[in-house]
Amino acid sequence: MVGAEVEQARARLQLSYAKRGLATALVSGILWGLDGVLLGLAVARTPFISGRHLFTGPLVGSALHDGLAGVYLLAYNLATGRWRELGRSLATRPGQLVCLAALFGGPLAMSGYLLGISFAGAAYAMGISALYPVVGALMAQLVLKERITARAWLGIIACVAGAILIGYVRPEGSHPHFYLGIGLALLSAVGWGIEGVISTFGMDMVDPAVAINLRESASCAIFLVALLPLVGGWAVLARVPANAPVVGILAAAALVGAASYLLWYLAFSMCGVARTMSLNITYALWGLLLSWAIGEVRLSANLALGALVVTVGAALVVANPRELVRLRGRQ
Amino acid sequence: MTIRLPLRFRLLELLCELPSATVPELMARLQREYGGERQLRASVLLGHLLSLRAAGLLEDRGGSLDSDGSLLLVFAATEAGRARLKYLPRRRS
Chain A
-18 MVGAEVEQAR ARLQLSYAKR GLATALVSGI LWGLDGVLLG LAVARTPFIS
32 GRHLFTGPLV GSALHDGLAG VYLLAYNLAT GRWRELGRSL ATRPGQLVCL
82 AALFGGPLAM SGYLLGISFA GAAYAMGISA LYPVVGALMA QLVLKERITA
132 RAWLGIIACV AGAILIGYVR PEGSHPHFYL GIGLALLSAV GWGIEGVIST
182 FGMDMVDPAV AINLRESASC AIFLVALLPL VGGWAVLARV PANAPVVGIL
232 AAAALVGAAS YLLWYLAFSM CGVARTMSLN ITYALWGLLL SWAIGEVRLS
282 ANLALGALVV TVGAALVVAN PRELVRLRGR Q
Chain B
465 MTIRLPLRFR LLELLCELPS ATVPELMARL QREYGGERQL RASVLLGHLL
515 SLRAAGLLED RGGSLDSDGS LLLVFAATEA GRARLKYLPR RRS
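Protein chains in written order, with my numbering: chain A, -18 to 312; chain B, 465 to 557.
Read the hints as simulated data drawn from the structure, not as lab findings. Everything hinted at is true.
Calculated pairs, DMTMM-like style, for lysine to aspartate or glutamate (alpha carbon to alpha carbon, straight line, at most 25 Å):
| no. | chain 1 | residue 1 | chain 2 | residue 2 |
| --- | --- | --- | --- | --- |
| 1 | A | Lys126 | B | Glu523 |
| 2 | A | Lys126 | B | Glu543 |
| 3 | B | Lys550 | B | Glu477 |
| 4 | B | Lys550 | B | Glu481 |
| 5 | B | Lys550 | B | Glu497 |
| 6 | A | Lys126 | A | Glu304 |
| 7 | B | Lys550 | B | Glu523 |
| 8 | A | Lys126 | B | Asp524 |
| 9 | A | Lys0 | B | Glu523 |
| 10 | A | Lys0 | A | Glu(-12) |
| 11 | A | Lys126 | B | Glu477 |
| 12 | A | Lys0 | A | Glu304 |
| 13 | A | Lys0 | B | Asp524 |
| 14 | A | Lys0 | A | Glu(-14) |
| 15 | B | Lys550 | B | Asp524 |
As the structure is a prediction and not an experimental result, all values here were calculated from the model.
Chain A on its own, in the form it takes in the complex (with noise of 0.2 Å):
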């Protein structure tokens, strides 16, 4: 009888386990699409328009976001009495892992994906970068040996699908380095699903709330030392703070980045690195439901289409939360 009701509680406990993991995965999303428009708003803004580059803005915005969000985290480490295992993880490979993932997800693949859409247009860019849940998936069942059912593939592609016809526009101009575009956007899309395998192996070690400091931090670093110097970003840098309502939407913004962060990185331990990449994906959705909402879009059949795709694909993705109990291994 004893037994029984143990396995009962065990069962339950795995269940709620693999639930809070994929809710976690979901909320993480949601916050990505708020973070995404507060971003926009800012780097809408001068001095971002300002730049020697078309990507400049965003890169800068792209810095100081990473950056914000690293403060933030690193005082949720504090609060949360965990700020001595920065350190300590820094010492460990694991820990030295989940900074080059920093150097794969933020640099790499932000630039990959802002010169990406310079070069091959937003239409073409865009969609290929949306790709980055297919190549996590197919890298974490490669590496991890994540156990990822047909289902669940087909929830990925539909959340992939949807969030390309959201963020689809005509295609439009002439661009004569389009084949180097594309290779750029492809690099973004490996770049994110590389940080996805490696942090998670590197999480398996190290706590995801520090892993996602150090991500952070690192990422902020290599845009600041590496990048910025190569297209004028220092002195749009200089000019941000005299604008007070660009910093006020800018540190909004890091606020939002920082818990969408934290509850990705949470996510990837505890559902694995294809669900959860494929419910942060529906960002595309949230996003386009808070751009609708403060008028900045209005509602088209392809827009009604990607937000059917990426809701149908969500809930083949989080259909069975019993396959989580497990995630890696043979099926």
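Fit chain B to the known structure of chain A by using the hints.
Chain B in isolation, oriented as in the chain A frame:
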């Protein structure tokens, strides 16, 4: 200057040293190393253990119900978990 392992990694190492353990047993063993830190709480340890279990680095070998009726799972390292010890730093306290 001594550097401790990250708590999650230390938990895995500890469970590779012991045949198996519950959260209260692990809490007691870690008290000397991480005792002054707010992160050393049963809920935090259980979160780490469930994550390691989902990743296949630990397994739970059943459990029991304590006097409050709360589940007390018994965790043990798997072969995959033991294999991760190769990432331990060479020199540490």
